[in-house]
Structures are given as C-alpha cells and as structure tokens.
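Input sequences plus hints: build the corresponding full structure.
Protein chains: 2
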Amino acid sequence: MSIQRYLEISQQRVDRHLQQLLASAPVGAERLREAMAYSLFNGGKRVRPMLVFASCEALGGDPEQALPAAAAVELIHAYSLVHDDLPAMDDDDLRRGKPTCHIAYDEATAILAGDALQALAFEQLCQPVPTHNSGLQLQLVQLLARGAGLYGMVAGQAIDLAAVGKPLGLDQLEQMHNHKTGALICASVEMGARIGGASADQLQRLQRYARAVGLAFQVQDDILDVEADTETLGKTQGADQALNKPTYPALLGLEGAKHKAQTLLEEALDALVPFNDQASPLRELARYIVHRSH
Amino acid sequence: MSIQRYLEISQQRVDRHLQQLLASAPVGAERLREAMAYSLFNGGKRVRPMLVFASCEALGGDPEQALPAAAAVELIHAYSLVHDDLPAMDDDDLRRGKPTCHIAYDEATAILAGDALQALAFEQLCQPVPTHNSGLQLQLVQLLARGAGLYGMVAGQAIDLAAVGKPLGLDQLEQMHNHKTGALICASVEMGARIGGASADQLQRLQRYARAVGLAFQVQDDILDVEADTETLGKTQGADQALNKPTYPALLGLEGAKHKAQTLLEEALDALVPFNDQASPLRELARYIVHRSH
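Line by line, the protein sequences are chains A and B. Residue numbering for the first sequence follows this note's numbering, beginning at 1422 and increasing consecutively. Residue numbering for the second sequence follows this note's numbering, beginning at 1422 and increasing consecutively.
Derived by calculation from the structure, the hints in this document are not laboratory data. For each residue, glycine too, the CB sits at the ideal point set by N, CA and C. Wrong hints could be hidden among the right ones.
[As the list claims (entries may be wrong)] Among the chain B residues that face chain A by a calculated CB cut under 7 Å, a handful are:
#1 N1463
#2 A1537
#3 V1585
#4 L1673
[As the list claims (entries may be wrong)] The following label-pair restraints were derived from C-beta to C-beta distances:
#5 B:K1587 <-> A:E1648: 24 to 34 Å
#6 B:D1512 <-> A:P1588: 43 to 53 Å
#7 A:V1585 <-> B:I1430: 36 to 46 Å
#8 A:E1648 <-> B:H1715: 54 to 64 Å
#9 A:L1591 <-> B:G1481: 19 to 29 Å
#10 A:V1585 <-> B:P1588: 19 to 29 Å
#11 A:Q1440 <-> B:H1680: 23 to 33 Å
Here is the structure:
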C-alpha cells in the first residue's frame, strides 16, 4: 500500500470517529460546536493519528483499537492550532488558505472552542474499548496529558513566545521544538505502542523513532517555510523569518537544514531495524515527513 | 468542627498538593509555570475541592484519597477563570482585588497558562492512588472531562456569551448556569461520591444535592454582585448589570432571588436526609454557599 493510500485510510477512519464526537451540542452551544468542527475538519493531514495507527500496527496491533487514542491526539493538535492563531499569539488570519477560527467566528468563541476540544480529547479517551483494560486506558490519558501540558506542548509554545526576537542557539531551538511539536508526536507513537503491547525494548526503539521524526518534522517545516510560496502553503511566506523567529535554515543554512532532516530520517529508520514488515507504514511515514512538499 | 475550620483544613490540604504539582518547569517555561501558580494561588476559597472531600466523607471515605480529584477540579476551575478574564471574554482587570493573569503577565501567557492548567488537571488525576483501581480513576477522568467540556462548563460559557444583551427567560438562565458552574460542581460531588464508594441510591441523592447547591451558588453570586461593593468583592460592582447580563435579581427581584436561594438550600438538605452525621460538612457547605457574604 502506498503511503498516500495509507494516509487516506487513516484520515477517513479518524475523521469518521471525530464526526460522531461532534454530532450534537447542548441548546445554545451550537455555535461552539460549529467552531470546534470548523477547526477540526480543516483539511489537516492527520499525521499524528496516523502515527498512532502505524505504531500500533508495527507491533501487530489492530488500528481500530487505537481509534480513540488517534482521535485524542488530533483533538489536542486542533485545539493548539486554534489558540496558536489567536491575535495575542501568532495572530494568523489564514490556515490552509481558510480563515482561522477567530476570524471565521470570533475571538471568544475560538478560545472556548480550543478549551472544549482539549476536554473532548480526554473525555473520549475514557470511553470503554473492548480490548483495553482500564489500566492501559489510564496510561494513555496520562501520556497524552503530559505530552500536551507544562512538560510538553504548551511549554514549547511558551519557550517559543519567549524566544521571539532573541538569538537562539541550536540546542535551545531543539529544546523548544522537542516540546512544541515533539512531545505530542512522541505521545502519539507511545500511545500506539502501548496499545500494540510493546515490550520495554520495542518501546524504547519507538521512542527513539518518535524523537527523530518529531524533530525532522519541524526541520522540514522550517525548510518549507523558506521554499514554499503563499499559495502552496496557505500561509504567508516566510512568516517565521518576518517575525524574526529562529529556524533551522537560519542557523544551519538551507543546505545544512536539509542535511539535518536527512540525518534525522536515517536515525528514525535505524531505530526500526529489528521490526518486520508490519513497521512499513512507520518507515514510509518518516520518509513522507522529510520529503513532503507542503 | 466549624465550617470555617473545615474550609481551612480542606484548603491547606489541596494547596499543599497543588504546590507540589507546580514545583518546577522545563527550562524556558518558568514564566508559564509562574503564571499558572499566580492564577492558582489567588486566595480562592477552594469550594469545589471541599465538595469533593465532603462528598467522599459523607460516605465514610478518607478525604486524603480524594486529593487528586480535589486538585483536578480546582485546576479546571482556575483555568476557566484565567480564560474568562481575557479581553476577548469578560475583559476583567481585577480578580479578588489583584490583577488578572493577562494583566500581571500578558495575554499570550494567560492563554497558555489556562491551557496547561487544564492538561495538568487530567495528568495528575492519572497518578496512581493506592486505594483506587484504575477503573475508578478512569471514571473520575471521564466525569471531570465531561463536566468541563462541550456538555459542561465550556458550553455554559458559550451560552453566556451568546446571551449578552439578549433577554433570557428563567429557564434559559438556569440552563446556562447548570452548564457554566453547575456542571463542575456536580462533577466535584460525583467524583467524591465515587471515591467514597456510593451506592446507586446514594449517588442519585448526592447528584440532587449537587444540582441544587450548584444553582444556589450562582443565585447567591448574582445577589452578591448587586449587594456587595467593589472593595468587599474585589471586582467591579454590578459588572453583570453593566454588561446587561441576565441575573436572578434582574428576573426575580432581589427578594425573589433570596427566596430562590433559600428554596434551593432546602432542596439540597432534603436530598441528604438519609445520610448520617458524616454528611455534616456537606450540609454546612450548602448553608455556607447560600449565606456567604463574598
């Protein structure tokens, strides 16, 4: 199966589930539900859910069992984008070529939609799954909450905010990204691994894979920001540079950044060496992340 | 034990736990941690944690076992206040006479602090508790997430937003409050009840108690907003009236609202009739909520 086909299937699987979660709302909160759905179904590639599915499958697990976990990471990712785009944060009017949530609705609704998306991630992760015992489910909640919070994604956003306009070294840039995008990507892989029943050694290898892929994702993002034009990317070209944000191309040069992405890809693939063909989607996904053009 | 003493003990117990949770932060995210602590330790009365403890004790449970649940509801409450005060929401500069989080720090930090407080609520609720099986813990996470999200607190805030400047009937006002404050109060009581090992009948009675107390809390809040002056309350007097927000005194008159609060108190106490003296704190708490002067 091609990676494109795998992405499509993963996307359809998780989108069906997410749609059910947002099928209704209490009277008077319809606009909140709409804003949540608007932000969630915005053409995202569902890379994180796919990492959950592929990690589970790499161990012979059934991806259907990983559906609540996959939905949960996407809900957290979606909420973070809504809040990131707010005027007080990145102040972005467009995402994927469409008005951001606070433009399409209003700022208050965008704040609340983000808040409710986060709560929904945890709520639906507690739904009974026939094959999961509650110990495993609790572990998944904890992994996700840690990856999302003060020791994970939100810390990365705070480090990012503090860094605007300041010269960052490579180590500091990496520390920021390891939190901002890396933590949720690591949580995605580890959740899939736990559902798939990973041994201690398998878990360690998958964590290595996740750290490399998480960073590669960000390096490639920075490269695309330099290379892509507004039309392809759906956001203003060179936005990070304009904000004087530190990036890998700025620190390493464009060629240096490309070399870094390639090295990280090799590291990710190396971590998967003992795994059999069931890990093919994970391998392909790492290649896709580094070679994608948008 | 007087209710004041019980409040003090509950407050100290939960504050110690909360302080440990916020003892450190990743490098670069110190300001985020500070803003979280600033918002969490702002002189709040810890009514919700006390409801968790008192519900657990009403069934003969050990309140120490309810500590993570008590901390979790307070973390959710604290995050909701931070986001509620934002310029795009209620735009409040003061809370309890101190600058609100976005004034003391900045708006972006306040958004992130709220987000991280929410994640922390769920993360620490997953910490192992010796006497809890993971099935119970998972149930607690789900109760809290539901009470906080699209079918709970955030829905209430959205209904509240939509209602500004519009005439609301009594039923609509109640529907708003049942979500905005009631849902988290119900979750607090139900979490305590589950930890205390409530039977189906006990649970139903405690839910009745919680619904009445939750609404009484809001009615009394509206009354205080009319009666109290800025100094006592620490927020601008009559702020709700100024915003043309619907309130119980506006709909029922001041005396009518007081009568309503008294009726709800009686309903709450009636729900507790079959409980023995272990439910005294719950009874006292209901009286305190209706008779408090700030």
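Structure-based check of each hint:
no.	hint	verdict
1	N1463	violated (18 Å)
2	A1537	holds (4 Å)
3	V1585	violated (10 Å)
4	L1673	violated (21 Å)
5	B:K1587 <-> A:E1648: 24 to 34 Å	violated (50 Å)
6	B:D1512 <-> A:P1588: 43 to 53 Å	violated (35 Å)
7	A:V1585 <-> B:I1430: 36 to 46 Å	holds (45 Å)
8	A:E1648 <-> B:H1715: 54 to 64 Å	holds (59 Å)
9	A:L1591 <-> B:G1481: 19 to 29 Å	violated (58 Å)
10	A:V1585 <-> B:P1588: 19 to 29 Å	violated (45 Å)
11	A:Q1440 <-> B:H1680: 23 to 33 Å	violated (46 Å)
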